[in-house]
Amino acid sequence: MKTKKIVSLVLGSMLAVSSLAACSTGNPGDTTATTGGDTPAVTDGGKQVVDFTMFAAMSGKEKAEGNDIMEIIAEKTGVRVKETWLTGQDAGEAIGSIIASGKLPDLIDGGDGSVTLYQNGLLVAWDPYLEKYPNLKELYSEEEWDKFRMDDGHIYWANVFGNSYNNTATPTGVNGEAFWIQNRVLEWGGYPKIETLDQYFDLLERYAAANPTLPDGTPVIPYTCLCEDWKYFCLENAPMFLDGYPNDGCVIVNIDAGMDNPKVVDYNTTDTAKMYFKKLNEEYAKGAIDPDFATQTYDEYIAKLSTGRVLGLCDQYWDFAYNIMGPFASPLTAEDGSTFRLDEIGCDYVPLGLTAKAGMAQQWNSYGDELNQSSGCAVTTSCKDPDLAFEFLSRLLDQDIHNLRFWGIEGEDYLVDENGLFYRTEEMRENWKSDSFKAKHTCEYSYCPQWQGMSRDGINRMMPGEQPSEFILSLAAPLQKTFEAYGVGTYTDFLGSAKVQTGPWYPLWSWSNNLSSDTAGGVAWKDMGEVKHYWLPTVVMSSDFEGDWANYMDAYNAVNPQAFLSEAQAEVDARLATAKSFGWTAPTN
Amino acid sequence: MENSILKSKRTKEVDINKPKLTAKEFKRQWILVVISAVYVIYGVIFYYLPLFGWIIAFQNFIYAKGIGGSKWVGLDKFKFLFKDKKFLMVIRNTFCMGALNLIFSTVMAIVFAILLNEVKNRFFKKSIQTISYLPHFLSWIIVVAIVHDALTSTGIINDLLMRFGILKQPYQYLGDPKLFWGIVVISNLWKETGWNAIIYLAAITSIDPCLYESASIDGAGRFQKMLYVTLPGLRPTIMILLLMNIGNVLNAGFELQYLLGNGLVQNVSRTIDIYVLDWAMDARNMDYSLGTAAGIFKTVVSMSFIVIANYIAKKRGDERLF
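Protein sequence lines correspond, in order, to chains A and B. Mind the numbering: the first sequence is residues 487 to 1075 in the working numbering, read in order. Mind the numbering: the second sequence is residues 6 to 327 in the working numbering, read in order.
In short, the hints are calculated from the structure, not lab data. Check the hints yourself; a few may be wrong.
As the list claims (entries may be wrong) - Simulated pairs of lysine-lysine, DSSO-like, Cα-Cα distance not exceeding 27 Å: (1) K1018/A / K88/B; (2) K765/A / K91/B; (3) K589/A / K870/A; (4) K90/B / K717/A; (5) K91/B / K717/A; (6) K843/A / K985/A; (7) K1012/A / K88/B; (8) K589/A / K88/B; (9) K764/A / K679/A; (10) K183/B / K1018/A; (11) K772/A / K749/A; (12) K319/B / K91/B; (13) K173/B / K772/A; (14) K90/B / K1018/A.
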């Protein structure tokens, strides 16, 4: 009896302990997984490599274990970084749950949640390390660094994009927003000049009527538009561009009264806005717009684009292009059994800078560097060796490692001609388009500090995509033909935005993206978003456009957009005043 | 039923089955005490200690300052909640979807269990049972992907309806606020009916076969046996499960509504849990206090549902929880 009792007691407590343990192992186990635990590992060379983790609040692709270039960089710098990305949730939610769980990675790009990370005291200040590592300090001028300073006077992150070495921007691509169109549509139409929405939709409709399916039998969709969560900018902010203004993102900043007298204007209620949504409404009724546009998720949207069936869309380049490169370069089987590739039949998208009226100047693309001080690469307080982390970030900017990140291994991923110019063979270029190749071979550390523009040797560009000789060769044949037909060499020229100096407040979305609900303007901004999420797709699908537009305007005005607009005006004025204190003067012309 | 009435009467007198708590009794049962103590401690640590965190609902809680350093604001957060039209809206959504789910899932599970019980072919019966409860093991994200896919303009539902000529153009089910609750209920039924039916099937097997035999002798047909033997036999199980599930009405769901929702249906799709996520966990708001206040509200309402339902069951002499 006694033994039986003891056995049952032991079993009982084992069960209890194991169920307790199952809960508690979550902690130490997970910490090592997410914070990396700075565990030193020995590489082949016998050098100690420290493992860091990095979370970027963006969608991205994870690198495979033992990635070739990651290992080379690890050997050179002594640091290996495991990057993780958003999975389904949005940036704000992801950062919110990371803070709540207290399990921070070593490095982080908090996106819209960056300010919250700072407010919760979870980031390490850059200031002492900027002096120690000149590579990092070199990233920005004093004035630019000042814009990164938080209210406690310290710098906690550096944005890594849109920053050209020696301020010599040499862009070839358009990373921002445009109405995109497949180049085969332009070719079919005889390369016409498309300037307005009417011309754009007319061409899309006519093409779709004449070519209703792809070679594999998939029916085409003339136009689709994402309107999920915050990515509904694809639907909502076109009126700003159509009126010829640059991407301030949340409002139009009108400078008719001179650049030192900017005035904030709401683009949601302009005549152009009504005209644009009325046009979409007509096109929806005609069946030219994807019937699922209002309910599709981002994944469904990308899946749709990847099949090549969508002829036109309005979006920012980074939001769709990188995800469809792989599928566009993969062989497919046509109905007649032959194989074809989407990029080879001209499905690649080119950007069109449409305007409300033909002949207007537009600023879909802004030249020069765009400083977004609202988020960037940061080191967290969970990092056990912040000095090493900053040293690593600094080493990433060394030319040899920068080349490894973006050009690859010399001889394997690129070749050097007698003048020192880097170039790639056809095979290398194809490799760098393949998702599986990139996962196991390339290591961009794409959310760590990096340069654009001319590299330190004065011959090559920091990024292969900006190397003029490489750029044109990296385009599929039909795209090259289209570029030739329009007599342009780059996407930037193709879009042909006016070369206008942007105001010192630009881009204002770096302010509105981080707007919290603590102020009346912040609450209004949140409410405006909710109203627009409901009403914009509703007016597009409405059978009574005028009636629903009036209802929309009533609902919109009911949430007090004026509170938001006055705060936007105050922010513009404040940014202008800061710029003036650094000696900025309004351009005379 | 008879039994439970007897029991409730007896508790008022001295219960001879219940031993007094004496040192001797304690010593005799020490091994049971130790085993149960482990679970009591577990419960205290993981279910009761976290309730301490409720006090942040009365503060303007800031993570960096902690509970000690944050400012006390009294009932401000609750006042904000009940003045917020959107909160009243999410209460309505949560309650309605929860109630619909409760009613339909209970009825469907019972009907399904009884019908399945009538199937005589053992192989057929087992296969149906297995197939029907398999969706329970799918995560919501997969179910939502299937539902989403089925309901798009080129999905199976539109496709079939158009082939049969019922619809001329594909219909946007996911964009219609009137259909959202229905889609939620049906998705829930598809996923959980088979699983929920298992417990009723088990309860049916414990019904005394003599009852069926005597019913047959009395001339009852198959349908009458279902109605007058099986259903009354299930009554205690139904009552207990109903009571337990009433406490879950406000847990109407999070994943399904969160993943299936979009701008067009936001006014009917958002539940209390989504509201909490939006206010407490989103880095742009980060108002843990408001989220906690909403959570407290939900808990208090759920508790009162259970207590009230239990009281009614007690009055009516049905099975009850406590």
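Okay, the hints, checked on the actual structure:
Distance hint between K1018/A and K88/B is fulfilled; the C-alpha atoms sit about 22 Å from each other, no more than 27 Å. For the hint pairing K765/A with K91/B, the CA-to-CA distance comes to about 32 Å; that exceeds 27 Å, so the pair is violated. Proposed proximity of K589/A and K870/A is supported: the alpha carbons are some 13 Å apart, at most 27 Å. Restraint check: the Cα-Cα separation between K90/B and K717/A comes to about 26 Å, which is no more than 27 Å; the hinted pair holds.
A hinted pair counts as satisfied when its Cα atoms are at most 27 Å apart, and K91/B with K717/A qualifies at roughly 23 Å. Pair hint K843/A plus K985/A holds up; C-alpha atoms about 19 Å apart against a cutoff of 27 Å. Distance check on the hinted pair: K1012/A and K88/B sit about 17 Å apart at the alpha-carbon level, within 27 Å; holds. This hinted pair does not check out: K589/A and K88/B have alpha carbons roughly 35 Å apart, beyond 27 Å.
Distance restraint check for K764/A and K679/A: the Cα-Cα separation of roughly 23 Å lies within the 27 Å cut-off, and the hinted pair is therefore satisfied. About 19 Å separates the Cα atoms of K183/B and K1018/A, which keeps this hinted pair within 27 Å; it holds. In summary, the hint linking K772/A to K749/A is not supported, as the alpha carbons are separated by about 38 Å, beyond the 27 Å threshold. Between K319/B and K91/B the CA atoms are separated by roughly 36 Å; this puts the pair beyond 27 Å, and the hint is violated.
This hinted pair checks out: K173/B and K772/A have alpha carbons roughly 15 Å apart, not beyond 27 Å. A C-alpha spacing of about 18 Å is found between K90/B and K1018/A, which places the hinted pair at or below 27 Å, so the restraint holds.
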